[in-house]
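Based on the provided sequences and hints, a complete structural model is requested.
Chains as they are written, first to last, in our numbering: chain X, 1 to 330; chain Z, 331 to 619; chain A, 620 to 1088.
No lab work stands behind these hints: they were computed from the structure. Note that the structure is predicted; figures quoted are calculated from it, not measured.
Calculated cross-link-like contacts (lysine-lysine; reagent style DSS-like; alpha-carbon spacing at most 27 Å):
no. : chain 1 : residue 1 : chain 2 : residue 2
1   : A       : LYS1079   : X       : LYS135
2   : A       : LYS1078   : X       : LYS82
3   : A       : LYS771    : A       : LYS995
4   : X       : LYS82     : A       : LYS1088
5   : A       : LYS771    : X       : LYS82
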Amino acid sequence: MLSLNKEKNKIWTLSAPISIGIIGLCLIPLFGGPYLVEVVMMYFIYIILAQSYRLTVTIHDWQLYHIVMYGVGAYASGMLAKNFGVPVFLAIPLGGVMAGIMGVMITLPLLRTKGWGFYIATYGLAELVRLSWLKFRDPFGGSTGIINIPWPPEFMGIDFSEGIPYYYFSLVIMLIVMYCLYRIEYSQLGDSFKAISMDPELAASTGINIPRHRLMACAIGSFFAGIAGGLLVHRLGAVDPKLFNIVTMMYLLIWVVVGGTGTFWGPVIGVVVMHTLFELSRPLIEIRPAFFGLSMILVLIFLPGGLGNLVSKVVDRFRRLSIPPVTETD
Amino acid sequence: MSSQLLIQTIANAIMASSMYALIAIGLTLAFGVMQMANLAHGHFFMVSAYAVYALYALSGWPFWWAVVAAVAVGAILGVIVERTIFRPLQGDVVSGFIATMGLMFVFEVLVGEIWGWGLSRPIPSPYMGAVRFLGAAVSFQRVLLMPFALVSISGLLLFMKHFRLGRALRAVALDPEAASLQGININRMTALALGISGAYAGLAGGLMSPIYAVTPSLGGHLILPALIVVVVGGMGSIGGATLAAVIFGFIMTFVTTLVDGVTAVMVSVTVMAIVLVIKPQGLMGRVIA
Amino acid sequence: MRRTRFGKLSTWILFAITFAFVLPSIAISASKKLTVDEAVILSHLPDQQIGKTYPQGEEINVGFLAALSGPDAGWGLPGVTGNSIWIEAVNKTGGLLVGGKRYPLKMHQFDDEANASKALQGARQLVLQHDVKFISAIGGDPANATAPFLTKHKVIYASLVPTDMQPARPYVVAGGDVTPQCNMFNPLMAKMVLPSEKELGRPLRYAITTQDDIMSRQVGAWEVGAAVSQGFDIVYEKFFSTDTTDFAPIVSALLATNPDVISLCEAWPEYQTLMWEQLYLQGFKGVVAQNYADWETNLTKIPPEYPAARSAIDSFPLMDDPWWGANSWQASFTRIWNKQYGPGAPDDVHRRMTGIDWDHVVWFIPWCIGAQVAGKDTPGEWPSNDAILAALRKMSSFPTILGPGHMSGKEMFGIQNMIEQPVPMNMFDLKANDKRIIAHMNFEPWFEAIKPVVLKEVKKRGQHWTQRK
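Pasting the structure below:
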């Protein structure tokens, strides 16, 4: 009984701000100007990356291949669309599938590994993939990369090479991805994932097949990373290995760690706060990394558990004030 | 491969291995005692190299005194970072990782603003010239590294084995709770560990400042190979780090010479992945219970 | 481990110290009067009419899109100084005189961290928020991502990488750093100091290595083509990763092929320093050529007799090379730069002037020249970039930093968007302990003669613009 109430309350208290948020995002192109549209579009891609990363991290440990999965999706979608004429709306999910497969292939040999060996091994295997894009100029283009990757084709008179239509396209994709991840989180599958994340031995003793679930989580997470890659590459029209190097992985780690993986919304908050800080500090030019680095350090020291934790506590306190207490006999 | 090239390549590989070892040794100590990664280790190296630039190249100090100063700089940086970053984070590995990542940014900007962006800093080679042995030529500056690497490694091993402080460090590395129950002050030990680690980074940075291109991004180039060597060797294992340094030194050198640099990195990461899949705790690492 | 309040306090102190240290002093603009040196550098403009008043036009915005922070900052950030010097000089006279009005110039910077995705974001900000008409940039992967957008908005993208040019990108221009022409002269220059094929009884051997990036791949192909046209056998042609810190194995591999010439091609300054060291240690006795030699740093690792004996060739000239003359444009520029950015100056950048400091100005000035010429047809209005480019193409010659230039590029890149100017070639001078210009080469006639051989090699490596699909 208790849990049902909580679930209802949660959905009720969440749907209001979420709806406001979505309406706000829809209105940005009308009132924000073309550049803001561009900037916010990058947030969508980063949010997909961060949120999908959380899924793969909570089930086991911090992997360092996620950005390369982003790259796999980008290269796959770009090459399918350009070399094989696959329509972009189909190429992007196919790119996601390739990324999902690759994620599974990397996780498979590392099922028994944890900790630093795991981090470095995932980094190494991912680097192997990335370096093969650099080494094999045919078909990946090497350091020169691939250009002339097509935009989504005209659809009902809408030209997707323009900023605003592509913005709505990315927004829709992001909302679908977030919805999928949200549903997974609060489903039976998600409960298994959470159980494995909190206490693997206990979960195993209740009959949950840990390796299978881990591979599933990594496949799903990598799939969505690949989707983000598809979104990126069809906006840029080009791709190169440098986009997916350790520097980009560092930014992803920063967003997710600062946001915290303890709550579902942590990564989103991490992206929004840290990336906004990053963009707002552009006037500092070459000093900017120092400012950004210091902010990271301060948040981590003074807000352990991440920003998501902080927001969660604030929301809980707010909720406790507005909803009458639930007693045991209810 | 001609015999001349073979001898030269072996000489290059030995040099590369000692370079990796010198850089990795401090990092593995920090890992072992704190179980946390100091991602800024490469930047301690870089800042120490800049210290040598400022003192030796710009202010005319004798080279060896500049290196001593670099060691001190590294040690001080290590203690400061332990105090301000690692201690407040209380063993949260991931937060430590990201916080030291932030430090990397800070150091790069500091160094770039003080000593300029752009071309690498000109640091004179105090020992220009080559050592020739069996037809192979190696820079004297590099050959100098070998005795330092050997002495630092064996010195550290001796310290950890025969000195009370060193044994206390090992105790903290093996079992922090038991160690604190024995009366060992964990905070002081981690400060000591990071201080020593920083000192080693300073030594490496100082000695190698004439060998590398000293730019603000030098630290970033070095931390990844250092991490790989440390993890593959086994975190906390000085012998393991040395072994891994030799393995990767040889792989990188031989494959670069025979094929090319990109392939060399690909082979290295493959070997690394294979080792870690078979033995996740590293070649000589302990299995964490 | 107990959480210590002291630990947190020291974090705050660290924060405060770093911030106080790092907050830049805001440069207070020097006097508003035009100096003699500034007048000299403005002399490249055909019609600036310094001193005469004209009605004010609106501010013309230009962009600077490059890596301003992080590992690639060394290539981007220095470029700001040169452009700023030009803009400051122009604005002191009231603005660029175009079509009877004086238009002040304003530069907007965007840090793209050499990342294609951020470059596109930057291009959008510069154009959509700041309405820039001209962007100075480094090029490479960022050029690929920004080209469609900038083409649509007809904004000129002045890349340092001529290999970004192609007919599908009508507004991408280049030529500032005379690559790949200068690289192609390396084998020619080397041949001048080597014994001939006849004397040796065998073809001369050419080895080339550089980092693997988008520009080096293409420039390398052109240089190899030139080497083949000069009768060289190519004995080594490999690219190393941009993460390389140990150059001993690479030099060992190079030497194993017994080359007569080793070209470091487009190797970044920090790489070429370490390679020179290894070449010296491992005893290379042939000719060494490259694009950018940094002798101040190199000579800390090798004795000056060594590069002198190697006839060390490179092609980024020094602005204070006596070749130009004490009253030259270059000398004036150097004086202005030292006064504003040199040691003790208000904006002291704590480093020597590099090639990047002036490299972007090489195209910026001709764009202004083109605006003045095209502006005559549209009085009272700022001309379109199409008109500016057309005006430049019509001119048989206009002044550039490296000498009289004209528009070219159809043969090599399919579109006449490249400034062709005399190619400076340097050799290491023992007396000066630095590089000195020994010749300015005329590229086009020489290229005519060797074209078929060169194009064959470039196409064999897939680096011709027609193969860039």
